[in-house]
Every structure is written in structure tokens, then in C-alpha cells.
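J.: Chains as they are written, first to last, in our numbering: chain A, 1 to 529; chain B, 1 to 133.
Hint data in this document are derived by calculation from the structure and do not stem from the laboratory. Among the clues, some could well be false.
[Unchecked claim] Derived Cβ-Cβ restraints for the label pairs, each shown as a range:
#, chain 1, residue 1, chain 2, residue 2, range
1, A, 32, B, 83, 30 to 36 angstroms
2, B, 14, A, 56, 19 to 25 angstroms
3, A, 272, B, 72, 43 to 49 angstroms
4, A, 236, B, 129, 44 to 50 angstroms
5, B, 38, A, 32, 24 to 30 angstroms
6, B, 132, A, 275, 39 to 45 angstroms
Heads up, the beta-carbon is just placed ideally off N, CA and C, and yes, glycines get one too.
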Amino acid sequence: MASTTVKSSGGDYTTLSAWESDKQGDLVTATEGETVTCFDLEDTTAVVMGGWTSDATYYPTIQADGDHGGKWSTSVYRLSTSGLTFKGESGCGFMRVYGIQFSTSAAGSSSTRLDAYDATQPILFDKCIAKCTHGTPTGSAGFFSWQSTTVNYVNCLAYDHYDGFNQQDDTASAVKRFLNCGAHNCTRYGFYSITAAPDSQALNCWAQSSGTADFAGTWDTGTSYNASEDSSKPGTNGQEGAISFLDEANDDFHLAASGADTVAQDNGTDLSSYTDHAFSDDIDGDTRTFWSIGPDDGSAASGIEKTVSADAVLVDRFEKTISADGVLVARFEKTTSADGVLVGRYALSASADAILKAVIELTADADSVLVDRYEKTVDADGVLTARFALTVGADAVLTGAYDLTTSADGILVDRFELTTDVDSVLVGRFALTTDADAVLKTVTGITTDADSVLVDRFIKTVSADSVLVDRFLLSVSANALLGSLAYKIILARTGYITQIDTENGYVTQLRSRTGYITQLRARDGELLG
Amino acid sequence: MAEFLIRRKENTDPNDSGKDAMLYKSGDFVLWKPDGHEWGLLENPATHPDGPAGCGFYIIKLAGVTPTPEQEARWLTGDADENEQMTRRRTWVFDISALNTSRRNTLLTTGILEAQWGHVRSAIKHKDTGETE
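For reference, chain A alone in the conformation it holds in the complex (with noise of 0.2 angstroms):
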């Protein structure tokens, strides 16, 4: 498959047009296909795909870099022209056309034609968007299909047109498909469908604000589950009514957030196994889990999802929180192991705006005895401010605890860790405070023995320049009688006692650095030097 790109700058060429113009010819002789991809940029001249050969094998792929997120987008690819814009003539078969959105200014023009002459080689639109800017259209379609054309439009979107999608044919074997597509605001039908048996399918489709009718025309017995505002839907297990969409009134048709939507949010029907074309993704590329109605898939109202193994042991446990303006506020999942022990489990937890606030996971092991804990909680502008774990042991007694706490742009001001033995016994701790700085202040670290006899205990000062200005240590024998205590002085250097040491509770020794007293040493009570 050969590929080339349509860029405004640095690219192989800077319209559609002229990628046409050079590749067009007999794909199936030069057994190649030819795949364009368009890049961010306004292409303003028309194009007319004609005087192809190309089979089910090799065939023209014309497809965006990018995702317009199922709304038009000025960000993406986009061929807007002041007639019709798009035009797949003879020899155009099996041509394939992805995330491409198509525009027209003209009254009568329509986005995009087809006039295929040959009902066997069918063409496919799959995430497109056509649109007219005119206003008050008078006679064109956002997808109009013509002459023994057999297509598959899926996951498209229609809208400010005459028609949103019209399909008009004299041939018998030609099919048209409308697959989980929408037309909004049509100044007549949304979906118009004349063509000899057998005729147009609609499924998963819907059409609102039409000035005629949402749909109209005949349809094929395989027609179903369609939407309208109107009566007008076709086929069966049809919904009628208005659709809430995210923002209708900036042509925003993604379904409201939170499952809002009663008419097209989980009203379809499953596509993924659909013979003459199947498929499984929205217009945003979203895989489909609800299979609503429309190019959107919708999202879920605040819930839960419990998925389990054939013998009913829940595996996962999925649950999650929106706004009503569709921001995900929490989500919390649970995993269990094959016999149905909680191994896992997990929770988020956002603000309105969707910042992180918090986030907690817990493991556990096959007995599901906790192994470990781990939490963080952020502050409103995401900023890490506390940090918590706890590790246990097979038995679930635990082992350590580790504390963090930051201020409020994230510096570390507090740090606080525990160990202990395996029965639960403390057996150490330590302790940091910083300043605002994350300058050390202080550090603080205590050492027990098997019977939590205090055997260590030391304590560090420093000054907000990081000198050391205070250091204790004391250590205590097995019996907790004081073996020693040490005390440095800083100030030392304007004399007085510096260190003291003792044993067996008496001063063996008193140390001056300068002035008086020296050294003094002394043992069982006599004074020895």
C-alpha cells in the first residue's frame, strides 16, 4: 500500500485535488493500493475521485491524521469548498473514506456525491462530517448518493443541510447502509431514502430538527432501531422523541453526559456482528459498550459494572461517578482472583474540574490478607500534599508505615516512618521536618529492642541555614540504666561544659574547650584526674 500526505507544509502535496490528479489510474494492474492521509489544514479545492480501477484488494483510502472527537474541528483535516466539494465518480468503487469533514457554503451543493455506476464494489464513509454553511440550503445533502452506488455510511454525522443524507437509485442491486449515523437541522428530511428494492437500511440512526420530516422515503425490512423527533422513524424497535445532546446549540452531538439522554443512550442495537458490515466504535473511536443510537456511543449514568466468570465468581467490579456536566468525580474497581478472593482494589477521586484529590490502592494477597495500602491526596491545583503507605506481613501484622506530608506547593515538610518486628513489636522510628525550604530541621530516631526497651533515641537540630545547632543522643543499656548521654553545645566556643559522660549512673567525664574546668574525670565516686 502506498502512502502519501496532504499537509499544508512539508508534506507530498498541499491539496487532495492534486494527490487525485497524480494517483488516479489502475490500482489493481499496479497491484498497490493508494492511502492519503490529510493533515491539519483547510483544503479549499473540490476534488472528484474518477477513472479509478480497484477491487476489494487495492482500493484508495483517503483518511485524516487526527481525531475531529466527533464535532467539527478546526484542528483537523477539512475540505470546505463554495460547491459540492466531494465527488466520487465512475471507477470509485470500494473507496474507503475515514474522519474526513466535508462543507459547502452553497445553497445547492452537497458536501459530498456519489455516482458510482457499479452496485458491486461498495464504498465506505466511516467517521465523516458534512455540513452546509449557507444557511438556508435549498437543495443539497451532506451525503448524497446516486446511480448504482452501493455505500456504507457508519458513524456520520449530517447537519445545516437540505437533506442530511439522501439516497436515490434505479438499480436493484445497489444497497444503501446508514449505520449508527445522525443528520441534524435539515431544512427537509433528514434522511431521504428512494431507491429500487431492495432499498436504504437504517439502523441505529437518528434525525432531529428536520423542517420536513426526520426521515422519509422507503426502507428495506432490515431497517430498525432509528430515533426521530418526529413519528417519521423507520423500521422497528424505534425511539421517538427529543435527544438531549452534550451542546446542540454549538453543533456539539455528542449524546449528554451521565447517561441524561433517554431516546438514543443505549436504545441500538449490537453492530459488532453486523454481516454486511461490521464494526464496533463510535465517532470518537470509543469502542461502543452501550450501542445507543447515533454516531455517538453516549456515556454511562453513574454505576456500576460487574463483570464475572462463568461459574458467577465476580472477577472485576467497576464503578464510577460523573457530574452532570460529564466529568468523571470517582471510579473505583475491585479484582478478585479466580475463586473469587479480592486481590485488588482501587479508587480515584476527582474534583469537578476532574483534578486528581485522591487516589487509595490496596493488594492483597491470595488469601485476601492485606499486603499493602497506598494513598495520595492532592490539593485543588493537583499538587501532591500527603502520602501514605502501610506494608503488612503474610499474617497481616504489620511491618511499616511510611508518612508523607508536603506543603502547599509540594515540598516536602514532614516525614514520618515506623518499623516494626514480626510481631508488631515497634522496633524503630524516624521522623524529618523540613521548613517552608525543605530545609532539614529536625530528625528524630528512636531504637527499641525485642521487649521495646528504648536503646536509642537521638535528636538533630539545625538552624535555617542547615547548621547544626543542637544534637542529643542517648543510649541506654539492656537494664535501661542511662549508659550514656552526650550533649554537644554549639556555643561551646564561649566556653562552659561541652560533653558529659556517665556509667553505671555516675560521671566518669565533664569536657570545657576553653577556660576552667577541662576535664574531669572520676570513677566510684573517687576523682581521678
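Position chain B relative to chain A; hints supplied.
T.: Just chain B now, with coordinates in the frame of chain A:
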């Protein structure tokens, strides 16, 4: 000034005369862009990896010319309107042989010609009638 992208290579389909007529022929206008347009690698004879002769296009730069809507409609369309089947890709052609020797040689050698409207006007012809601009 406008810059015109003219088809240099002949596209053909010897097995299907109907499709063959839909293909671009040598001298067909493809499109035009305003002066200074940054052409793509495979559009520009000066940057095409196979050199000017390997490029599918000529570029004609015409000082002081912006096509009128009527000229654009003539040069950039075929026989049929948008609602009919195309019977020919273009009805007007840029006839290289109508240029004087110097300009023709420049165009054949470099693939790019900078000229005045008067220098090329007689080279823009209706394919059937021979009518010129």
C-alpha cells in the same frame, strides 16, 4: 500573481475509454494557488525526488493574473456539471507547444515557468474548438 498546477504526465486507461476520459491528460489544469504557495514535495518539479521530468506537474507562475470565476469554471472543470456523470476531466488545456521555444524549453527542463499573461494566453485552449484565451 497566481501559480497554476498543470498536469505534466498523461494518465491513461487503455482498457476502458470511459474511465480514460476521466483521467488527467498532459496540459490539464489541476488547480491554482495564490502567489508564493508552498507546494508539496511531489507537486513541485524543483523538489520531486525524480527531478522535474519525473514530477507529474508543471507549475506556471503568472504575474498579475487571478482567474475570474468564469475562467476558473472553464479551466478547472470537464464537460458535465456536478450533477451529471463526468465525460472528460478537463475541456481546456495548457498547450505547451504553443509557447515560444525559450519558454517551452525552460518549462520542459525545470518544470516551472514564470511568465506574463500575454506570454501564455494563446497556450490556453479549448480542446475541441481550439479557442484561446
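J.: Determine for every hint whether it applies to the structure shown.
T.: Hint by hint, here is what the structure shows:
no.	hint	verdict
1	32/A to 83/B: 30 to 36 angstroms	33 angstroms, holds
2	14/B to 56/A: 19 to 25 angstroms	23 angstroms, holds
3	272/A to 72/B: 43 to 49 angstroms	47 angstroms, holds
4	236/A to 129/B: 44 to 50 angstroms	59 angstroms, violated
5	38/B to 32/A: 24 to 30 angstroms	28 angstroms, holds
6	132/B to 275/A: 39 to 45 angstroms	57 angstroms, violated
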